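Chains as they are written, first to last, in the working numbering: chain A, -4 to 315; chain B, -4 to 315; chain C, -4 to 315; chain D, -4 to 315.
If you're looking for bench data, these hints aren't it; they were derived computationally from the structure. Watch out, some of these pointers could steer you wrong.
[Claimed, not checked] Pairs of lysine-lysine, BS3-like flavour, derived with a Cα cap of 30 angstroms:
#1 C:K215 / C:K111
#2 C:K308 / C:K205
#3 D:K111 / A:K24
#4 C:K296 / A:K111
#5 C:K296 / D:K111
#6 A:K205 / D:K111
#7 D:K24 / A:K272
#8 B:K205 / B:K62
Computed from a predicted structure; not experimentally measured.
Number of protein chains: 4
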Amino acid sequence: MVRNFSTTENSTVHTVADLRPERLAVVTKSYPNINVTTDIDSIWSNAEIDAVIIATPVFTHFELAKKALNAGKHVLLEKPMTDTVEHANELIELAAKNGKVLMVDHTFLYTSAVQKIKQLIDSGDIGQVKYFDSTRINLGLIQQDVNVLWDLAPHDISILDYLIPAKPKSVQATGVSHIHNGIENIAYLTVNYEHDFMAHFHCSWSSPLKMRMMLIGGDKKMIVFNDMEPTEKIRLYDTGHSISTDEEKRRVLVDYRIGDVFIPKLDLREALGGMAKDFISAMTKGTTPIANWESGLNTIKILEAAQISIKEKGRQVEIA
Amino acid sequence: MVRNFSTTENSTVHTVADLRPERLAVVTKSYPNINVTTDIDSIWSNAEIDAVIIATPVFTHFELAKKALNAGKHVLLEKPMTDTVEHANELIELAAKNGKVLMVDHTFLYTSAVQKIKQLIDSGDIGQVKYFDSTRINLGLIQQDVNVLWDLAPHDISILDYLIPAKPKSVQATGVSHIHNGIENIAYLTVNYEHDFMAHFHCSWSSPLKMRMMLIGGDKKMIVFNDMEPTEKIRLYDTGHSISTDEEKRRVLVDYRIGDVFIPKLDLREALGGMAKDFISAMTKGTTPIANWESGLNTIKILEAAQISIKEKGRQVEIA
Amino acid sequence: MVRNFSTTENSTVHTVADLRPERLAVVTKSYPNINVTTDIDSIWSNAEIDAVIIATPVFTHFELAKKALNAGKHVLLEKPMTDTVEHANELIELAAKNGKVLMVDHTFLYTSAVQKIKQLIDSGDIGQVKYFDSTRINLGLIQQDVNVLWDLAPHDISILDYLIPAKPKSVQATGVSHIHNGIENIAYLTVNYEHDFMAHFHCSWSSPLKMRMMLIGGDKKMIVFNDMEPTEKIRLYDTGHSISTDEEKRRVLVDYRIGDVFIPKLDLREALGGMAKDFISAMTKGTTPIANWESGLNTIKILEAAQISIKEKGRQVEIA
Amino acid sequence: MVRNFSTTENSTVHTVADLRPERLAVVTKSYPNINVTTDIDSIWSNAEIDAVIIATPVFTHFELAKKALNAGKHVLLEKPMTDTVEHANELIELAAKNGKVLMVDHTFLYTSAVQKIKQLIDSGDIGQVKYFDSTRINLGLIQQDVNVLWDLAPHDISILDYLIPAKPKSVQATGVSHIHNGIENIAYLTVNYEHDFMAHFHCSWSSPLKMRMMLIGGDKKMIVFNDMEPTEKIRLYDTGHSISTDEEKRRVLVDYRIGDVFIPKLDLREALGGMAKDFISAMTKGTTPIANWESGLNTIKILEAAQISIKEKGRQVEIA
C-alpha cells in the first residue's frame, strides 16, 4: 500500500500509524520522509490528511472507518469491508452524508485476468452466464476471528459481483472446524439467483494442493480462470450446447459443441497500482471506483448470510 | 462385461438379453458361441444360468433383480444399485433369504489407485482422516431419469464408503437444472459424520474442464487422487499440522509441516476384471466381495437423502 | 493393420503370413475367414492377392518388397522403408517399372494433429518456417539391429518432410550406446537446409519422462505440438519478432510480439484408417498417397547420413 | 548484488561504479549511504575497498578483473567468467600469485534444487550417471556480442561441472543465426566424456515455450529437474534397467524397472545470498567457494570449444 500510493499520481503518503513500533521502524527505513505514529487518533485531526487506508483486523474496521469519515476523510478499507451488513450500511450512509469516497480493497477486480473476463462476458461472447464455480484452497493460517469464508471468499464473491449484474436471492453454506473453536477451516457456499443461475464457492485452509480456479459457464462459451498459471490464466472454451430429446435412450440430449480453446494474452499491469489510481481518481475527480462500497456491501451480505446458514445446518438464508 | 466375464476363471457367458436386436447382433459377431435373446424372461427359467448381470436403466433394476433372485440367480447390478433405499433393502433381504450373492458394480473400488489409497489409510500413514473432497465434472450427457448426483456421485460415494469406516449422519445438497426439467446437471453435496469429519462432492455435466479429483486430508499426511493423470494418479503429501496460539496476532496457529511428495507406482490391473473375479469368487467360494450390497446400499442412502435435501432447499436430511 | 484393412472400403484381407504359428492362431481366433500361412512365398504366386503389407524387421524389407513387386503386387512397408538408400531406390525403380504403388506406413502423417499443422503452415499463417525441434523420448526397448534414430526418428523426419517443401543439405549426429553394442540408445540429430532453416531431433530410449514434442517456429507465429496431451495437442502462439538495433545496449533487438495462444479442436479420426484408405485409393484410383515412396526415401536419406555422421564423430555429412 | 551484499555478514557495499549516471541515481535513491562513481579507475586505488564485483559485458571482464587483481582486490565475475580460456587462465594465475579470491557468479549452484541433486548423486542413490540432457529455451533478447550458448549454457554447464567429477574430452555443436550476424540464436551442444557418459545442451532464444529442464540418468535412478515448476522442481524416478537378450525378437532386452516417483521438499533459500556469503567466506576465512575459478574455467573451456565446433560444421573439438 505504502509503495503503491507513493508512486500513484496526485498521491502522497503522509503518515503510517501502527500500534507496533517495530513495524513503523520498517517503514521509516525504506521511506524516511513518511511520518509514523502509534497514536491513531492523531490522524483524524490532521488537516493535511485527505484520506485513510484501513488495513487492520476486520472487527476494527467499523470503528476506525466511522472516525475517519466523521473527521472528513475519504476511506479505503481492506476486504472484507466490515464484520456485519449493519456496520457496512452505517458507513455507507455516513460517507454519502459527508460526500466522501468509501471504497474496499478488492484488488482482484483490478487484475488483467478479471478485466479480461469482464470484457468477455460484457461482449456477449459467452452468452448468458449459467453457473459460476470457484475453488480457492491451500494450506493457510487458521485465523481466530473469522472463518475461511470471511478470509478467502471475499476475493471470489467480489469478482462474481463485479462480473454478473444479477443479484443473489439466498445462500446455503456448510463447513467444518477441525480445531473445535467454531472457526470453519473448510467451507462450501452455494449462492442462488433468479432464473437458473447458481454460484458455488469452495474455500479451504487445509488443502495440500493450492488451487485458485473459477469455472464460468455461458450457454455459448465457457471460461476457466486458473490463477495458479503464471501467464495462461484464462481459457475460453468454444463449448456450448443445444437441447434435444432422444426417445429411444430416454434422454434429453444436450448436444455439446466442443471446439477450440483460446488463451488471451494478459497485460502485466499490477493490480494494486490500478486500485490506488482508482481511489485517487474517485477522490479527485468524483469517478465511481470499480471496488466501490456497493461491491463491499454485496460481498458482506453474502458472507453474513453464509455465516447464519453454516450455523443453522445449511438452512437456505435469504439475502436481504 | 461380456469380455471380462468371458475371460474370468470359472465363468462362462451363457446368454445376452437385450430388447434391441441390433445390439445382440454386435455380440454375435464377436462372440458367436454366446446365446442372445430379446426375451428377458427366458433367462429366469434357464437352469444353466447361475447368475445375471443387470446393466439397464436404474429404474428397472429393482424389478429385474427381484425376478432374478426369486429365480435363484446370483445378481450383479450396475451402479447405482436401485432407485430407492426401500428397493435396495427388499433386494438385500431377498438375497439373504435365498442365499444368493447380491453385488453392485462399483468398478472404481477395484482400481489400483483406490486399492493403494485404502492401503495408505489402513496403514495409519495419513493419520486420522479429517475431510474428503471430490470433484467429478466434465461435459456429459444430461440424462432424463436421474440427476447428475445419481449418475456420477456413486463412484465417489462408494469409494468414500470403502475407504472410511465411519457412517454418515446427514447430508445437505444444492443444485441447478439448466434444462428446467427438474434434473439437476450441476450439484453439490455435503455429507456430515460424527466428530469433525466431513465429505463434499461436486458433480457436473456442464464443465468444459474434465476433472476427477479427490482430496483426502489426514492429520498426518494428505492424499490427492487425480484420475485424469495417466499414471501419476496418487500423490501422498507429507503435510500435516500442529496447533498452537499466537496471542499477539490473535491467531490460532496451525503450524503446517510441508514436506516431500511421494507418487507411488500403481499396478496396471484392469478394474473390471477384478470385479468379475470378485463376483465369481463370492458365488463359488462364499467370499464377501468388495463391492457388496452394503456398499450399494450405503451409496443409495446418501443419494436418496441428497435428493430430498436438494428439493427442500438444502435442508439437512438425516441418514436413516 | 488387419482390423483397419478389414473395415476399409474396397479392401479385403486375404491372407496373413507369419513364421510364428502362435501369432497366426491369434488372427484366426478373431478373423476366422482370413487365411493364414507360414509360407511367405505362397503369397507371391497367389493371383487373388493384389497388395502386400510388410510389417517385419527393417533388414528384411528390401528382399520381401522386391519379391512382392516382382510378383506384381502393390506394397505397403512399415517405417522405416528400408535399411539403406540404395535399397529404397531399387524398390522405387521396380515399383515405377511395374506400375505398382509403393507406400510407407508413416502413420503420423494421417493424424488430425499433423493435418492441422500442415494446414496452418500452408495457409501462410505462421509465416516462413525458421526452425523445427523435435523431442521423442521415453523408456523404450533397446533394439538389437537399429539404433534409437532408426526406431523413433522416422516419425518426426517424415512429419518434417511432409510439412516443409525444403530439401535437407546435410546432417550432423551424435549419440551414445550404454550397452556397448554400438546401438545408440540416445541420439541427437541436426539437419541443415538452405537459407537459415534448421531442424533438430532428440531421440532416447532412456528417459524416465515420456515426451513427444515438436516446436515449429515461423517468423509470424509458432506451433507447439505436444503429442502427450490427450486432446490439446497443438498450440498456436501468436508470437513473432521484428529486428532492430539498440546501440546503447549493444544489442540487436529482436522485438518479440507475445500474443494470444490458440488451441484448435482436432478431429478424432483414427490415423491408421486414413492410411489404409489412402493406400487403397492409390491402388484403385491412381492417387498419390500422402505417405508415398518419396516420403519414405527422404526419411531414409537422413537416417543413413545420420548413421555415418554418428560413427564419424559428428562430421557434417551431405545428403545426396 | 547490492541488496544481497548489503545484507551479508561481514560485508559492506562501499561504492557502485557505472558509466551511466541514471543507473547510479537509482542506487542512490534506495541506498543513500553507498558511494557512486562513473570513474571506474577510482575503485582500484581506494584502499577501503577489498573486493570488486564485475557485472559488465563479457568482453570487458578480462581487463577489469586484471586491474582489480593487480590492485590487490578479490574479484567476483559475472558468468561467463571471460571471453576466452586464455584470459581465464591469466586471471587465475594472477589471483594465485596475489593470493586473492577469484570467483564466478554461477548462482544456480547455490539453489536448493542443485544442492539437492548434488546430494542425491553423491549419496550414490542414482548410481552411475550415464547421461545429462539440458533444455533452456524461451523467447529472449538476441545479444550482439555472444551467441545463445555463451548467454544461457553457462548455467547448465556449470551445474554439470559441479555435479559430475568426470572431465569432458570433446564437444560437437551446431546452431543457426536467424538474423544473419553470425550470432546463433538456437544452438545444440554435445559434450563427450570418458566411458559412456554424454551430456547435451539445447539453448534457444526463439522458443514460444519456456523450458528449463534437465534429465540426469543414473543406472539406478533418474532425476528430472524442471526449474519452471514453482516448488516441485525435482523428481526422483525409481527407474533403472538391467540388460538381457531375447533371442526370438532379436533384441537386447533392457528390463526397465519403473517405480515410484519422489518429489523432495526444497528449502526456500535465496541463491544469490548464498553466493554472496560464500564469496565473503572465501575472502575472510580462506574457504574454497562452490563457484570457484575452476568452475568458471571449465565452463569457458566447453564454450570456447563449442564456438569452434559450431563454426567448423559440427566438427568434434577436443577440450584441452
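CA of K308 (chain C) to CA of K205 (chain C), is that 30 angstroms or under? Within the cut-off at roughly 28 angstroms; holds.
Taking only the CA atoms, is the gap from K215 (chain C) to K111 (chain C) under or equal to 30 angstroms? The given pair, whose Cα atoms are some 17 angstroms apart, holds under the 30 angstroms limit.
Taking only the CA atoms, is the gap from K205 (chain B) to K62 (chain B) under or equal to 30 angstroms? Violated, at roughly 39 angstroms.
Agreement of K205 (chain A) and K111 (chain D) with the hint, judged by alpha carbon distance not exceeding 30 angstroms: holds, 24 angstroms
Next pair to validate is K296 (chain C) with K111 (chain A); report whether the Cα-Cα distance is within 30 angstroms. Distance ~50 angstroms between K296 (chain C) and K111 (chain A) Cα, so the pair is violated.
Between the alpha carbons of K111 (chain D) and K24 (chain A), is the straight-line distance 30 angstroms or under? The given pair, whose Cα atoms are some 36 angstroms apart, is violated under the 30 angstroms limit.
Take the C-alpha atoms of K296 (chain C) and K111 (chain D), compute the straight-line distance between them, and say whether it is at most 30 angstroms. violated, 44 angstroms
Hint check: K24 (chain D) vs K272 (chain A), CA-CA at most 30 angstroms. Holds or violated? Roughly 23 angstroms separates the two Cα atoms, so the pair holds.
Checked against the numbered hints above, the structure violates hints 3, 4, 5, 8; every other hint is satisfied.
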